[in-house]
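Full structure from sequences and hints, please.
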Amino acid sequence: MNNFGTLYYYEVKKILSRKLVWSVFFINVCCIVMFTCADLMGKYYVDGEVADTHYHMFQVDQDYRRALSGRQLDTALLEEMQEAYSKIPDTQERYMLTDEYQTYARPYSEIYNLFRRWTQKKELEELRAWQPDEEALYAARLETMEQLWREQQLTDAEKALWREKEAQEQENRPLTYLYHEGYTKLLANGLNTLSILVQMFVCICMAGVFTDEHTRRTDQLILSGAKGKEMVYWAKIAAGASVSAACAALLSAITFMLVFAVYGAEGFGTSLRFSAYLCSSSERFSVGQVCLIEYGILILTAVFVSVLVLVVSELLHSSIATLAVSVGLLMAGILARIPEQYRVLSQLWDWLPARFLNAVYIFDNRTVPLAGYCLVSWIAVPLCYMLAGLVMVLAGKRIYRNYQVLNR
-8 MNNFGTLYYY
2 EVKKILSRKL
12 VWSVFFINVC
22 CIVMFTCADL
32 MGKYYVDGEV
42 ADTHYHMFQV
52 DQDYRRALSG
62 RQLDTALLEE
72 MQEAYSKIPD
82 TQERYMLTDE
92 YQTYARPYSE
102 IYNLFRRWTQ
112 KKELEELRAW
122 QPDEEALYAA
132 RLETMEQLWR
142 EQQLTDAEKA
152 LWREKEAQEQ
162 ENRPLTYLYH
172 EGYTKLLANG
182 LNTLSILVQM
192 FVCICMAGVF
202 TDEHTRRTDQ
212 LILSGAKGKE
222 MVYWAKIAAG
232 ASVSAACAAL
242 LSAITFMLVF
252 AVYGAEGFGT
262 SLRFSAYLCS
272 SSERFSVGQV
282 CLIEYGILIL
292 TAVFVSVLVL
302 VVSELLHSSI
312 ATLAVSVGLL
322 MAGILARIPE
332 QYRVLSQLWD
342 WLPARFLNAV
352 YIFDNRTVPL
362 AGYCLVSWIA
372 VPLCYMLAGL
382 VMVLAGKRIY
392 RNYQVLNR
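Position 183, counted from 1, in the sequence shown is what the working numbering calls 174; the numbers after and before it change by one each time, with no gaps.
Worth flagging that the hints you see were computed from the coordinates, not collected in a lab.
Even for Gly, the Cβ is constructed at its ideal location relative to N, Cα and C.
Just so you know, not all the hints are guaranteed correct.
Label-pair ranges, simulated between beta-carbon atoms [said to hold, decoys possible]:
no.: 1; residue 1: R9; residue 2: Q159; range: 23 to 29 Å
no.: 2; residue 1: H308; residue 2: R9; range: 17 to 23 Å
no.: 3; residue 1: Y333; residue 2: A386; range: 26 to 32 Å
no.: 4; residue 1: R328; residue 2: A237; range: 28 to 34 Å
no.: 5; residue 1: P80; residue 2: A323; range: 49 to 55 Å
no.: 6; residue 1: E40; residue 2: D147; range: 40 to 46 Å
no.: 7; residue 1: R57; residue 2: R389; range: 54 to 60 Å
no.: 8; residue 1: F259; residue 2: K34; range: 43 to 49 Å
no.: 9; residue 1: D43; residue 2: E331; range: 38 to 44 Å
no.: 10; residue 1: R119; residue 2: R328; range: 36 to 42 Å
no.: 11; residue 1: K112; residue 2: Y364; range: 47 to 53 Å
no.: 12; residue 1: E91; residue 2: Q122; range: 30 to 36 Å
no.: 13; residue 1: P80; residue 2: R141; range: 35 to 41 Å
The calculated DSS-like cross-link candidates involving lysine-lysine, where the alpha carbons are at most 25 Å apart (straight line), are [as the list claims (entries may be wrong)]:
no.: 14; residue 1: K112; residue 2: K150
no.: 15; residue 1: K10; residue 2: K34
no.: 16; residue 1: K4; residue 2: K34
no.: 17; residue 1: K5; residue 2: K388
no.: 18; residue 1: K388; residue 2: K4
And the structure:
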């Protein structure tokens, strides 16, 4: 039993043979299905009467967005949008219920929403008074970003970094709009939901990898050789990390397939500036590239959290105590928030796995100063996870050695 490959296979088999693992995984898949279809279920009511179904509303908006796909965000498109919205009667407060909106303006609602985000002009009257001009629109976005950077208390170096990226992106204007609803779903809700599901899976299923044998008093009977004991530690760590990574990858694949099947897979190359969820980011990635980065970080985080849970379980020798600690940390990260005015504390808190797996924090405008450079969060935090994971593995090895090898 001193062979690592044999021990690794044995530990993976033990984990996968537990009914709890498959039960939690099945529940996660059901949650993913519900998340994918939730927005399309139910009916839309106006004054207590059914006006439409959410699924039909989605189909209509999807057709309109696909009709706009491939068009440049230039003055001509802005003029069309303004002309369409100008046909809505001035006297209507709930203008979205008017026939004029449904017939003329709704096909351009995606462009209007973009206009509102970039210019901070929220009222319809402001659109009517605005002179359509693509140069003015792109300049308004820069002004909005500058205001956001001031609110986030960014340093001069950070502002210079993002101004440079914005300037580089300006070279590609006018930007081309592409239908990207599938990627919007993955960015806005998919990662948030999946991160909680994956971390709950790891907390529940990895808590017993070390502790089950302690509880049953069979740890000394299963592998009694001194060298075997030391090798078992590495086999358990590797097995737990592998199963956690595989779970994250498989659930991510299922999420991608379901979302693309329902919402479509078009728009991989859409500029991030069109994203309603990440409009505050100045990164030059496309929405497709952002999704790949985010879900890659999800898999890495699953490995990091599994190492944390495994080491804590060996320290506490109790699966219940380990589960309580790990779930407590997870819930604290989800529920608690530190205001951005406390820059360092807020940034460190947002790096916790429970909070960091959110597109807003992964592509945070706040960076990490390192040797005169600004290291962005989506690079800095995974590096911190890997370093912290290595430290925890070595610390856990010492705990395991003192308890299992030297003192028994």
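Do the hints match the structure? See the list:
The given range of 23 to 29 Å is broken by R9 and Q159, whose C-beta atoms sit roughly 51 Å from each other. Separation of H308 from R9 is about 19 Å and conforms to the stated range, judged on CB atoms against 17 to 23 Å. The beta-carbon spacing between Y333 and A386, approximately 29 Å, falls within the hinted interval of 26 to 32 Å. The given range of 28 to 34 Å is respected by R328 and A237, whose C-beta atoms sit roughly 32 Å from each other.
The hinted range of 49 to 55 Å is satisfied by P80 and A323, whose Cβ atoms lie roughly 51 Å apart. Between E40 and D147 the beta carbons are some 56 Å apart, a value that contradicts the proposed interval 40 to 46 Å. At about 58 Å, the CB distance of R57 to R389 agrees with the hint of 54 to 60 Å. Against the hinted window of 43 to 49 Å, the Cβ-Cβ separation of F259 and K34 comes to about 33 Å, which falls outside the hint.
Between D43 and E331, the C-beta spacing of about 39 Å keeps the proposed range 38 to 44 Å intact. Hint check: R119 to R328, Cβ distance near 38 Å, so the stated range 36 to 42 Å holds. Our hint of 47 to 53 Å for K112 and Y364 is violated, since their Cβ atoms are close to 36 Å apart. The supplied range of 30 to 36 Å is broken by E91 and Q122, whose beta-carbon atoms lie about 22 Å from each other.
A beta carbon spacing of about 39 Å between P80 and R141 agrees with the range 35 to 41 Å that was offered as a hint. A hinted pair counts as satisfied when its Cα atoms are at most 25 Å apart, and K112 with K150 qualifies at roughly 24 Å. Using a Cα cut-off of 25 Å, the hinted pair K10 and K34 is violated, with the two alpha carbons roughly 38 Å apart. Of the supplied pair hints, the one linking K4 and K34 is violated, its CA atoms being roughly 46 Å apart against a limit of 25 Å.
Simply put, K5 and K388 have alpha-carbon atoms about 21 Å apart, close enough for the 25 Å limit, and the pair holds. Of the pairs offered as hints, the one joining K388 and K4 holds, with about 22 Å between alpha carbons and a cut-off of 25 Å not exceeded.
The structure fails to meet hints 1, 6, 8, 11, 12, 15, 16 from the earlier list, while all remaining hints are met.
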